[in-house]
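Required output: the full structure, derived from the provided sequences and hints.
Number of protein chains: 2
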Amino acid sequence: MDTRAVRRDASRARILETAWKLARRDGLGALSLHAIAQMVGMRAPSLYTYFPSKNAIYDAMYADGASQLAAALAHRPTATEPVERLRSRVRLFVDFCTTDPIRYQLVFERPIPGFEPTRESFEITVKALSSTRADLDAAGVHGKRALDLFRALFTGLVSLQIANDPGGQRWSRLQYEALEMFLARYANPARAGRRKPRPAKMAATLT
Amino acid sequence: MDTRAVRRDASRARILETAWKLARRDGLGALSLHAIAQMVGMRAPSLYTYFPSKNAIYDAMYADGASQLAAALAHRPTATEPVERLRSRVRLFVDFCTTDPIRYQLVFERPIPGFEPTRESFEITVKALSSTRADLDAAGVHGKRALDLFRALFTGLVSLQIANDPGGQRWSRLQYEALEMFLARYANPARAGRRKPRPAKMAATLT
DNA sequence: GTCTATACATCGATAGAC
DNA sequence: GTCTATCGATGTATAGAC
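In order, the protein sequences belong to chains Z and P.
Residues 234 to 440 in the numbering used here are what the first sequence spells out, letter by letter.
Residues 234 to 440 in the numbering used here are what the second sequence spells out, letter by letter.
Misleading hints may appear alongside valid ones.
Copies of one chain are not kept apart here, so a pair can be met inside one copy or by any two copies together.
Claimed, not checked - The list that follows gives simulated cross-link-like pairs (lysine to aspartate or glutamate, DMTMM-like), each with its CA atoms no further than 20 Å apart: (1) K287 / D259; (2) K377 / D398; (3) K360 / D398; (4) K254 / D242; (5) K254 / D328.
For the record, the hints were derived by calculation from the structure and aren't laboratory data.
This is the structure in structure tokens:
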């Protein structure tokens with residue numbers, strides 16, 4: 234491969250890593266090109282060699298964070314029981330969010346006015362979250378309302394954990410209890426692992 | 234009362250109202266004294282007559298938002314059935330948060346690096362939320378874990394509603410369904426309205 | 001109480017030398 | 001590819017005249 238391209242990618246990676254470090258220290262909104270450049274050992278204008286704008290840096294960070302979640306979800310062991318698989322998803326999601334609140338904020342909230350991830354970067358998130366439905370379906374949980382409620386439940390745990398007990402476990406430790414509550418209401422044991430039956434269309438014409 | 238004090242309070246209120254308007258338009262972090270002053274019909278330095286710093290304005294906004302929630306919770310009709318009372322709390326909370334996301338953000342998250350509400354302002358929030366325990370207790374829900382899970386559930390609904398469907402109802406409409414799920418697991422009908430029995434301490438010495 | 005003027009810092013971004 | 005220099009704007013806050 235072109236050695237120039239390799240060096241360029243290495244520099245981009247260093248800049249990105251530094252951006253993460255500063256964002257975690259000072260907050261996403263306080264991120265400045267000046268501070269990044271100084272820590273990398275450059276001057277601010279030199280960053281424009283690697284990223285065309287500040288928002289491009291945010292977008293690269295977004296894609297980075299989303300990819301990490303997608304990769305972690307994809308690399309889970311596959312041959313487990315449906316409910317256990319759901320547990321592993323919940324555990325992974327809660328861990329992912331609480332171990333790096335800034336990353337969570339960038340990927341799942343809209344913390345920077347004027348910044349939206351590019352369509353390309355956003356697709357990574359969409360794919361990572363779309364597998365939620367599959368895991369729920371396998372555990373006998375069907376329907377859009379159940380999916381939305383599932384997401385709300387664990388987003389809430391994470392949100393309160395980060396806002397009110399950063400570094401602690403007050404809410405994150407409730408994740409399995411929360412999952413039990415959810416499954417008790419929404420899991421249909423009889424249909425677990427089976428497909429949702431296709432609704433009979435045009436029933437009137439058939440009778 | 235001193236007419237000077239009245240005029241002063243009126244000006245403070247006008248500044249505050251304008252600050253809310255701008256924060257809703259541009260985001261909390263983008264709030265600038267310049268823009269506030271311009272909209273009020275002043276110059277930026279004149280604001281320092283009414284607020285000693287920008288953070289003092291944030292704090293006044295925080296106290297304002299927290300007071301609105303406290304007042305709304307306090308003014309609910311009191312003579313209702315426990316579960317209905319819980320429903321009214323949930324409905325009010327979800328409405329409060331979704332009708333003004335910026336206010337929600339300021340009161341329940343830490344959106345501005347470097348700003349923390351003063352102890353005095355924070356007390357307002359604490360009192361508003363402390364009544365949650367009473368409402369839950371009356372409905373037969375006891376214990377710290379249940380309380381934390383209750384908060385997580387509805388914070389999650391609000392958070393996803395604001396982030397992914399602003400102005401819509403995709404998650405907020407699930408509030409009663411969520412409450413049902415929660416009560417099905419945590420409400421103890423036999424003990425509804427009664428005190429949680431004091432655990433027998435020193436059981437070993439009693440037997 | 002409100003103003004002008006200003007201090008002082010920081011920001012993102014561009015132009016052009018080397 | 002990195003630099004210096006600089007633009008142009010924005011930010012909070014203070015001093016002092018009126």
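Here is what the structure says about each hint:
1. For a Cα distance limit of 20 Å, the shortest separation of K287 from D259 qualifies both inside one copy, at 16 Å, and across copies, at 19 Å.
2. Proximity of K377 to D398 under the C-alpha cut-off of 20 Å is restricted to the inter-copy arrangement: shortest distance 15 Å between copies versus 31 Å within a copy.
3. With identical chains, the CA atoms of K360 and D398 are at most 20 Å apart between copies only, with a shortest distance of 19 Å across copies and 30 Å within one.
4. In this assembly of identical chains, the alpha carbons of K254 and D242 lie at most 20 Å apart only when taken from the same copy (18 Å versus 44 Å across copies).
5. Taking identical chains as interchangeable, the C-alpha atoms of K254 and D328 lie at most 20 Å apart only when both belong to the same chain, with a minimum of 19 Å there against 37 Å between chains.
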